[in-house]
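Q: So the protein sequences, as listed, match chains R, F, E and U. Numbering of the first sequence is given in the working numbering, commencing with residue 10 and proceeding in unit increments. Numbering of the second sequence is given in the working numbering, commencing with residue 10 and proceeding in unit increments. Numbering of the third sequence is given in the working numbering, commencing with residue 188 and proceeding in unit increments. Numbering of the fourth sequence is given in the working numbering, commencing with residue 188 and proceeding in unit increments.
Among these hints, one or two may not hold up.
Label-pair ranges, simulated between beta-carbon atoms [claimed, not checked]: (1) U:V413 <-> F:S269: 37 to 43 Å; (2) R:G161 <-> F:E381: 50 to 56 Å; (3) U:A569 <-> R:A130: 27 to 33 Å; (4) R:F51 <-> U:D463: 31 to 37 Å; (5) R:F274 <-> E:P381: 55 to 61 Å; (6) U:K428 <-> R:Q207: 38 to 44 Å; (7) U:H229 <-> F:S164: 41 to 47 Å; (8) R:F274 <-> F:S269: 36 to 42 Å; (9) U:E373 <-> E:K568: 31 to 37 Å; (10) F:E121 <-> E:G498: 49 to 55 Å; (11) U:D463 <-> E:K568: 57 to 63 Å.
Negatives, chain E to chain F, calculated, CB over 12 Å [said to hold, decoys possible]: (12) N216; (13) H226; (14) D231; (15) L238; (16) E320; (17) H398; (18) K452; (19) G495; (20) I506; (21) D531; (22) G556; (23) N564.
FYI, nobody ran anything at the bench for these hints, they're computed from the structure. Note that the structure is predicted; figures quoted are calculated from it, not measured. We treat Cβ as the ideally placed atom computed from N, Cα and C, and that holds for glycine.
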Amino acid sequence: MEDISLQSRIDVLSEQQVLIQDSAVAFIAQNDELKKTRDNRFVQPGFDQQTWQEMAELGWLGFLIPEQYGGIGLGFDDLHTVLIQLGKGLVPAPFVATAVLAASALVNGDNEVVKKDRLPALVAGEWKPALAWQEARGSMSVKAELVSVVDGKLSGKKMFVPDAGGADAFIVSAASAEGTELYLVNKDAAGLSIDYDQRVDGGFYGQLSFDQVAVGDKVAGVALAEQILAAALDAGRVAASAELLGVMTRALEITVDYTSQRVQFDKPIGSFQALQHKMVDLFILSEISRSVVLQTIALFDGEASAEGRAAAASQVKARCSDAALQITKSAIQLHGGIGYTDEANIGLYLKKAMYLASWLGNASAHRARYAELIL
Amino acid sequence: MEDISLQSRIDVLSEQQVLIQDSAVAFIAQNDELKKTRDNRFVQPGFDQQTWQEMAELGWLGFLIPEQYGGIGLGFDDLHTVLIQLGKGLVPAPFVATAVLAASALVNGDNEVVKKDRLPALVAGEWKPALAWQEARGSMSVKAELVSVVDGKLSGKKMFVPDAGGADAFIVSAASAEGTELYLVNKDAAGLSIDYDQRVDGGFYGQLSFDQVAVGDKVAGVALAEQILAAALDAGRVAASAELLGVMTRALEITVDYTSQRVQFDKPIGSFQALQHKMVDLFILSEISRSVVLQTIALFDGEASAEGRAAAASQVKARCSDAALQITKSAIQLHGGIGYTDEANIGLYLKKAMYLASWLGNASAHRARYAELIL
Amino acid sequence: MTDEQVVNQYNAMDDDEFRTMVHDFYVENYPDELRFSPHRMHWDEIGDWYLTLSKKGWLTPAWPAEYGGMGLDANKLLIFMDVGESYGVGRTPDMGITMVGPLLIQHGSQEQKDHYLPKILAGEYIWCQGYSEPGSGSDLASLQTSAVREGDHYIVNGHKTWTTLAMDANMIFMLVRTNKDGKKQEGITFLLVPLDTPGITVRPIINLGMHDEFAEVFFDDVKVPVTSVVGGENNGWTIAKALLGHERIFIGSPKFAILAMSRLKSMAKSVGLFDDPLFVERYTRLQLDIEDLFAAYKRFVEVLKRGGNIGAEVSMLKIWNTETQQRVTELMMEAASENGGIQDGIETGDGLVRPAGEVIASRPTTIYGGSNEVQRNILAKAVLRLPS
Amino acid sequence: MTDEQVVNQYNAMDDDEFRTMVHDFYVENYPDELRFSPHRMHWDEIGDWYLTLSKKGWLTPAWPAEYGGMGLDANKLLIFMDVGESYGVGRTPDMGITMVGPLLIQHGSQEQKDHYLPKILAGEYIWCQGYSEPGSGSDLASLQTSAVREGDHYIVNGHKTWTTLAMDANMIFMLVRTNKDGKKQEGITFLLVPLDTPGITVRPIINLGMHDEFAEVFFDDVKVPVTSVVGGENNGWTIAKALLGHERIFIGSPKFAILAMSRLKSMAKSVGLFDDPLFVERYTRLQLDIEDLFAAYKRFVEVLKRGGNIGAEVSMLKIWNTETQQRVTELMMEAASENGGIQDGIETGDGLVRPAGEVIASRPTTIYGGSNEVQRNILAKAVLRLPS
């Protein structure tokens, strides 16, 4: 499939970025017919353990983890090239959930013992934590309210924990008498039960119910917990945006390709001006999105304030969520009837976009948050 | 210019409607090159006295006035065919302001002496009243607050009185100790001064300042004044919508005509699919608008409640304001450079749409009002 | 009573009385669990209801009474449909009712009428439509499935697709190519074929909503008697276009948009969205898009009530209707936050609302029945008369 | 100091220091009453400022120092432009500066450089552009104005239009047809012509904003020496396309949208619109459209900073920029209620805002410089490589 993005025309990648991108391109080529994506749909845990191991071997799980904890300590600058490819390849793996969200929360915590003990296992792909923070649909609050911790016992519910079925442990935010704290809880802890919501892309969200569950290690106390959560979530939003960029880019490539081949009225339908202009508008959306992703990762790799990061994360998540939905929906339309079949791959891109766009705050929510932060 | 509306394809007009429409078509044919429209632009009073007399002779000024007061007492059913043509022809005349808004307020008043005395003069084109009700930009309130009447003297300001320069008298809403009342005030009354805002279409709004102005006849007391105003304004909104329908319909006709003739890249530009689809979307907007206008005039000629009328008036004004702006703006774009010259007539349609769309509540305001009434 | 008397009875009824009668029948007889089905139902789900309607004589409201229909006038027909939609009555495998029947009544031979119409009314023949092919979607006239005459039979070979509910049907009405020379529209023939004829294979297609609503139908040397032709050899395109007339007003009805809006309203009420001014604004905008469409729809219906014909201009309803429906589902998804990405729905006082499912289910409405792009081409040419 | 030293000085300056220097100069020298002019100003309004810049040596920030320019690098050039836009500095009749100068530096003969460049720098030659014709807008290459060789001269006949500020110019650079055979792009020549040459008539065109910003220019047997050709006979199309490169990034700068947004913000503050959640939502959406455009713009600017070339893909900036600007003005109009229909403006703490005027003034941005429809054709072909 031809790369129609402007990357090769106007961007300059570092040698290291090229190397990482090449390995990511080779990696998703294994899933070229999206066989892995299809095989893991609607089947717990919704992703591919073998793929996870391969990603660990490529070192990707340690991108955001400092070397002292077994990671490679690179920035979004390098990571985003992988995320884009994961989006393009619809790779079924809880990469953002584990290697970004959970990793970020752990790295920024102040429990050195936990970090020394657990992070190397995460990097090696042997241990998958997931962040359990959300307490209501549509909420972006990092203040724990509905899950409380009293005498070392957790009670309450967490929602929308992605790929919980494959997680080994959860990092749970809980309200103590002093405020929000973060604890590790093993998946098999007594009193913890999990219900699953099937996602449209074939994966699962977990709903965690805590009934007097004994907490494990403390990841962060009240002094840090909320700011750690906020930073992790914003990093996750940027990562999800980069993945969405990959989703929309490939969806557009597939569509340009298809309309260039598909003949109706004795001409390839991609030669009809109305369809061309439509695809141009989608292309512009994708490149606007790419520009914001590039700007945002630079900001996240730099010294911006927490508030600056929050605004930037909302900016990029709003744009990429909107653009990915618009592009994948239009891609179905441009495919015609075949686009509405499960056999055609293009529908899988729509569904991945629907999941990622609505996770961690959708476009409307992030525009509202941006307005609150900036206006 | 070919009629591309669906009227001849799917609607059935009564014999009377056909007669009235034919006379309106003949009437605006006199203004075919829009010479009258151009001659009256930016020159007080912004319209054409001779045209007004001709309209009076055709009986149009008495459409909404019962026979006992010299009118012909027909309904919107007949009137709207005239309004559409006035919009198509960009006829410079305060038809809606005088023959709908002011006429409606007077007819519904309870001062028989005023009605017997003044309405025949209005019908004859000899006397032009205008309704002075609005006290703030964007307001749709019929409760007078900023203009008060104390001991028979008016004080305060009214805004956005259309074509005030050509009016002979004003029907002014004023707050007495008991509530809102309606009074006649002659234009030359001592203490009344008028400032003018030039409208984009070349007409004028008046801003009326009352400094201890002695009131003339009372048109309605507190028992009736607000409901009379509300009814008059809603009738005015429907009438303005029908005029907007004429504006958008002709703008689209001109554009279809132009793009069918204009050759670029060796083909008429109207043959390019992207432009065709654009014009189809504009056409749909115009026919959706026409459908709502037809539905609304039937409702206004019937027995609907005041609240039902208000909702219907907001529905039609919201649609026609939006559609007229969208169509006339796109018409400029479809004309290319020539569309941005004052010489081309298409720009006059945009400007008329801008005036009518923003008068008596624009689309946003009416959607909000509709929501309040219906949800 | 004679058939005509029954007809007179329905059409003579007061509108409200008629509405109540229909509604009461639905309440008594339509299974609760099938109300507002999110997918097109199969025979094993909706077949009983088909037979219930058949028994009641309400299967074919638009057919003339002389052929066993209810013979409703346009006004009563609208009420009949409206009540069904409001109550959430599911669509039956109705191609025999809405398409084959009216077609045969107009173009069929006496033998064809005598044979097929009673079997449709009895629920004995269930039909599917064999028009589209993998290479012929928007450009339907380019279809390639061939029928070669051999004595009293045609030998049919080819591949149809997007055949709705073919797995539930036992009959197919189809377009085949009987002449490869000349204008492509002029070599097409309309055939009626039993699906159990040797050489026919049906393969279900799973759609984006993960339902097997469509199928492919393969024809491998299928022997079809020449008596199966409707309207004469090589006249199939004319016949198919005549059928379009029946479909047009159906496809222009705002019901899809209205249905989606009622789901959105249920969700909004239960989740408390009407307290959010931004939601209210978007909701109102869509509500007005639908109200205004309804005004346009009624204008077209007036034509039918007068006994007039509706032409290409009705495409405007399809475009507005389907695109509004999609916008409604998109607002539903956006307002549902994370639930916009999951299969399951939000429980409301008025049943489950599935935002993601609605977004997906609304996709094909802008594609089928002539994609909205093709509809715009038609309007540009036939109504605006723009140059080509 | 030598020219190069001055250049080194500017480019070596700290960004903030440079920004302050430029800003201070504007504050001291740019007339207050000309800030944020709603229309393109004529020479009698903005001419003095042109000469002030000329005297300061700041007229031609992008020209190399060896030709008398400021020789700013891409980064400093952006700051220079940004400061001007933020302060509301009006555009001068700058066609000589932005188009003719760079063109001559690249393609002109030594004699042409020696003759024209100093006169541009001195404000002696003011230029206008003679490209479009009544029959050649989007399809520029179809131009018909002819230049027929007679000895050492061409005899030029024809009719140019959309010639911005021709009434203020004394020179025109233009495209003429010198060969009617073969591909239409291949018979075009680029000429430099004094407007006082006998046979030239300028007729102002009143635009929708009621300003005489454009003009038509008529050529009636106008005698032009062959030395006026730039780049050789029949090479005009190549030359014009090279110029496009200079124009492209200019037209892609988000300045129009940013300027419109700042007017909207002033109005919103003064009228209290930020208390309305619906307004805030629309405002935020537009603000993000602009922020995101700015991110894209900077990505393109990086290319220039690296010394790279920008190709057809830059059309995306023009499309997004101009259509966003129009949406901003439309929100301005809608939020202004009745003021959306009057000429005059709303007084804000930050000057008059004219919603209706802004709506009208933003119309041509999607038309000129290649309409947005043409830009989309270009992107479809050159970037997406869709079939034709």
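Q: Was E:H226 rightly flagged as not at the interface, with every chain F Cβ beyond 12 Å?
A: The assertion about E:H226 holds, with a minimum of 30 Å to chain F.
Q: Any Cβ of chain F at or closer than 12 Å to E:N564, or is the non-interface label fine?
A: Given that some Cβ of chain F is not farther than 12 Å from that of E:N564, nearest at about 7 Å, it is violated.
Q: Non-interface claim for E:D531: all C-beta distances to chain F beyond 12 Å?
A: Holds, since 28 Å exceeds 12 Å.
Q: Beyond 12 Å from every chain F Cβ: check whether that's true for E:L238.
A: Non-interface label on E:L238 holds, nearest chain F Cβ at 38 Å vs cutoff 12 Å.
Q: Is it true that U:V413 and F:S269 lie within 37 to 43 Å of each other by Cβ?
A: holds (42 Å)
Q: May I ask you to check that E:D231 keeps its beta-carbon over 12 Å from the closest beta-carbon of chain F?
A: Since the minimum Cβ distance to chain F is about 40 Å, E:D231 lies beyond 12 Å and the statement holds.
Q: Could one say that the CB atoms of U:D463 and E:K568 fall in the range 57 to 63 Å?
A: violated (44 Å)
Q: Taking the shortest Cβ-to-Cβ distance between E:E320 and chain F, state whether it exceeds 12 Å.
A: holds (24 Å)
Q: Does the Cβ-Cβ separation between U:H229 and F:S164 fall within 41 to 47 Å?
A: holds (45 Å)
Q: When you take the CB atoms of R:G161 and F:E381, is the distance between them in 50 to 56 Å?
A: holds (53 Å)
Q: Is 31 to 37 Å a correct range for the gap between the Cβ atoms of R:F51 and U:D463?
A: violated (45 Å)
Q: Is E:H398 truly not at the interface, in the sense that its beta carbon sits beyond 12 Å from all beta carbons of chain F?
A: holds (31 Å)
The structure fails to meet hints 3, 4, 5, 6, 8, 11, 18, 19, 20 and 23 from the earlier list, while all remaining hints are met.
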